[in-house]
Amino acid sequence: MNAWHAAAGGAVAAAWSLPAVAPLSPAVAAGLRLRRTAASGGGVALTFDDGPHPEGTPRLLELLRDRQVIASFFMVGEQVARAPALVAEVAAAGHEVALHGQRHRNQLRLAPREVARDLDRGAACLADVTGVLPRVYRPPYGIFSPAGLVLVRRRGLAPLLWSKWGRDWAARATAPGIAAKVTEGLGPGDVLLLHDADYYSASGSWRKTVAALPRVLEEIGRLGLRPLTASEAVWGRSAPQPSAESTASGGGPAGSSRETSQSM
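Counting with my numbering, you get residues 163 to 426 for the letters of the sequence shown.
Keep in mind that the hints were calculated from the coordinates and are not lab data.
A few of these clues could be false.
[Stated by the list, open to error] Derived DEER-like restraints, expressed as beta-carbon distance ranges:
#1 R384 with P188: 35 to 41 Å
#2 A189 with R283: 31 to 37 Å
#3 E380 with D290: 32 to 38 Å
#4 L385 with A247: 21 to 27 Å
#5 A254 with E276: 28 to 34 Å
#6 L225 with G339: 16 to 22 Å
#7 R271 with P338: 30 to 36 Å
#8 A286 with R377: 33 to 39 Å
#9 A364 with R227: 23 to 29 Å
#10 A273 with Q230: 24 to 30 Å
#11 P350 with L225: 18 to 24 Å
Keep in mind the model is a prediction, meaning the values are calculated, not measured.
By construction, the Cβ of each residue, glycine as well, lies at the ideal position given by its N, Cα and C atoms.
Using the sequences and the hints, build the whole thing.
Structure representation (structure tokens):
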């Protein structure tokens with residue numbers, strides 16, 4: 163049994179019933195060259211999934227602005243289409259806009275052609291608003307199918323999972339609990355996962371994330387950790403951003419040389 167079958171078999175049942183599942187074990191992630199931690203030492207990457215959200219995203223942007231912290235927002239294309247001005251606001255504030263797919267669907271439920279279509283539509287949706295193609299991708303639920311990972315890398319997208327998460331999507335989550343989960347043992351290289359929307363989780367869950375974020379930011383500052391973007395977490399620097407016009411249909415923005423460097 164190869165690593166893919168071992169990883170997928172244990173995750174399928176949970177993926178059908180939970181709004182999020184734990185990231186792959188470090189050993190499995192390493193075997194598949196899936197990055198869970200930042201390449202750049204001395205910093206942490208703060209990431210938010212599932213947006214943009216008309217209430218949750220602006221509240222988080224305000225907190226980040228007040229504390230002069232950058233973050234990365236892994237956005238869903240179908241939500242981007244509903245709030246393009248908000249996406250532009252996120253990008254204009256200096257945060258990274260990354261891809262979370264066109265629809266929030268588990269790759270294990272999709273045929274390869276459906277995964278390819280989801281990636282292409284989602285990337286095009288983001289590029290239409292920001293003018294650049296996303297370079298970093300996180301799959302819904304943190305789950306790749308075998309074909310999905312190949313398709314992601316062929317498109318020059320770098321996979322990025324996470325090392326710490328607040329489980330803020332859960333109905334029983336509390337702001338103190340979210341902050342405690344994210345900051346326990348926090349150190350250089352961690353990639354933090356939170357959510358700025360409740361489209362695919364418990365109703366109103368973003369409010370608890372907003373309430374937890376000041377404590378998270380306080381701990382990042384106390385430890386002297388530099389905020390990193392998703393691209394910095396993957397490459398140790400900002401990724402070069404091709405123009406939206408440079409993408410060939412179905413081929414993605416990058417050639418084989420970039421694909422090799424992004425196969426984390």
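Quick rundown of the hints versus the structure:
no.	hint	result
1	R384 with P188: 35 to 41 Å	26 Å, violated
2	A189 with R283: 31 to 37 Å	33 Å, holds
3	E380 with D290: 32 to 38 Å	37 Å, holds
4	L385 with A247: 21 to 27 Å	35 Å, violated
5	A254 with E276: 28 to 34 Å	33 Å, holds
6	L225 with G339: 16 to 22 Å	18 Å, holds
7	R271 with P338: 30 to 36 Å	35 Å, holds
8	A286 with R377: 33 to 39 Å	37 Å, holds
9	A364 with R227: 23 to 29 Å	27 Å, holds
10	A273 with Q230: 24 to 30 Å	44 Å, violated
11	P350 with L225: 18 to 24 Å	23 Å, holds
Of the numbered hints listed earlier, those contradicted by the structure are 1, 4 and 10.
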